[in-house]
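**Q** Listed here are the chains, written in short residue letters.
2 protein chains.
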Amino acid sequence: MALKDSGTDTVFGRNDVFDLDSYLKEKQNLVNIELGRFLDEVTCSPPTLIQAMRYCIEAGGKRLRPVLCMAACELVGGRQTDALYAACALELIHTYSLVHDDLPAMDNDDLRRGKPTCHKAFGEANAILAGDALLTAAFEVLGSRPSERVPPSVAVRIISVIAKAAGASGMVQGQQRDLFFEGKTVTWEELAALHRLKTGALMEASVSVGAMLGGGTDEQVAAVNTYGSYIGLAFQIADDLLDADGDPELLGKPVGSDQALAKATALSTLGVEGARRQAADLLDKALSVLTVFGKRGEPLAALARFVVERTH
Amino acid sequence: MALKDSGTDTVFGRNDVFDLDSYLKEKQNLVNIELGRFLDEVTCSPPTLIQAMRYCIEAGGKRLRPVLCMAACELVGGRQTDALYAACALELIHTYSLVHDDLPAMDNDDLRRGKPTCHKAFGEANAILAGDALLTAAFEVLGSRPSERVPPSVAVRIISVIAKAAGASGMVQGQQRDLFFEGKTVTWEELAALHRLKTGALMEASVSVGAMLGGGTDEQVAAVNTYGSYIGLAFQIADDLLDADGDPELLGKPVGSDQALAKATALSTLGVEGARRQAADLLDKALSVLTVFGKRGEPLAALARFVVERTH
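Protein sequences appear in the order of chains L and X. Note that the numbering used here has the first sequence beginning at 4, numbered continuously upward. Note that the numbering used here has the second sequence beginning at 4, numbered continuously upward.
Hints are computed from structural coordinates only; laboratory data are not their basis. Check the hints yourself; a few may be wrong.
Result set (DSS-like, lysine-lysine): computed pairs, CA atoms no more than 30 Å apart in a straight line [what the hints assert, rightly or not]: (1) K123(L) - K65(X); (2) K28(X) - K65(X); (3) K187(L) - K123(X); (4) K187(X) - K123(L); (5) K298(L) - K266(L); (6) K28(X) - K123(L); (7) K288(L) - K123(L); (8) K28(X) - K187(X); (9) K266(L) - K266(X).
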């Protein structure tokens, strides 16, 4: 049921040769190496804590937020290595949020990316602590690893942007609202507002911060932020479509978990066709924001399509 | 059993008139106002998340880390208002750590400061999220509220210092080790190493960061860091003495909880007299570090005494 064709796509035509696979692999590789380097420096006795952190980071994942961050940096003429440290911090935050969301008191999920969730593998206390440590590690990275080319004033500013997006005004509030909505009847508008917090805020921060680190103007930062808000919501709709009938093998988790938790989804509020239309519309909007960047917008356009059309 | 007299105390004589009560009240007041200002800006719908955060912050507490931070700033000639934002961040981190430590999967405590713990008042999921949000809020404050007199390079540096102290290399590792040690036979040396992580690291960061924000030299920062390491451990010994036979009314929680959890304490490893001697020794060492600061060291000396001799 995931979108196979996102509809009108005139600006960044499919005939353009853009090799997203190689693009993703290169950036994912950079991020994985840098995350590994950071984790290698942490010694814990007993080693359980760092093992749990490593387990969650190494479980894989698309590294979507880091790639978006580095892509936005390059979009405005920056070097991806200047955004790499922030990209890693965003992945650390995203990973912590998954660990805590999976906890028995929250979504109570047993599987994540085909493997036992952190609390299943390491116990609940260690999973809470691993999440705490991953979140804190993000800010350690942000405080200690800016590239020399990043002005300290920008390094401070992006910390504020990321923390605001991740905390009570953003992602954490989204998760709280998600739990609150369980079993309740909600409209699509309410659900969209929830996803803007839970998923959108950190995606917006990813591209905004990337553009800031690349030396983008305020207008450029605002433009990518808008792009981020569209793809953040589109991402969640795609997720809902996948949860409804994606391939559990590809997803690495059982499908239908939203239904089991009596969670409202894009499907339950909009219907399948409505959800597909909504995603296609958001994709169009995201692409049209990028037109001002011309050819340079291609990677972010391809990423937007990937977000909506992915199968896992 | 808490120490009533800390023994040799020649440098900062008790005859000096230093009104610690007023000193504490003034600084606690500044911190409470600033924390309130920050929390007032956060709007959550439903309001549960911000209510839970506020509940934990407003539960009181000595604001010891913030006071230490501002005191260290003034010690090296800085203005306390330059350290106020970092002081608030430290309290946010300390508060989050209490919320998560109290969780059923961790220490499973029902009372904190005479009131139901966060998960007892708001449920487990909301307590996990409130802790996450408080931790994230600390970095939002650090990223968005430095005084204009703080150079951005220093603002970035203190974020790295605080995050390192709070995370897998510091406090979180200490908590993990604490859980790991439950029911095990440990030596005083092992226990002291644990407390250096769990309590000491953030205390050290509090004074170090205060001195950095006050424009202290590397030697001054190193000196207060050493002071912080002594009082961090002394604080924990005093805590153990209080847990063994403090006044539950004053403590706001039942005594004897360490024994119930089969946790090793300063008492169980050193005996009462040994623990008292150890605390007195650490106090002496902390005071002697301050001698190079002359009269200016008085507030931190009084705070060191307070840490060891407090009754709650």
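**Q** Each of the hints needs a verdict: does it hold here or not?
**A** Okay, the hints, checked on the actual structure:
no. : hint              : result
1   : K123(L) - K65(X)  : violated, 37 Å
2   : K28(X) - K65(X)   : holds, 10 Å
3   : K187(L) - K123(X) : holds, 24 Å
4   : K187(X) - K123(L) : holds, 24 Å
5   : K298(L) - K266(L) : violated, 40 Å
6   : K28(X) - K123(L)  : violated, 46 Å
7   : K288(L) - K123(L) : violated, 40 Å
8   : K28(X) - K187(X)  : violated, 41 Å
9   : K266(L) - K266(X) : violated, 41 Å
Of the hints listed earlier, those the structure fails to meet are numbers 1, 5, 6, 7, 8 and 9, in rising order.
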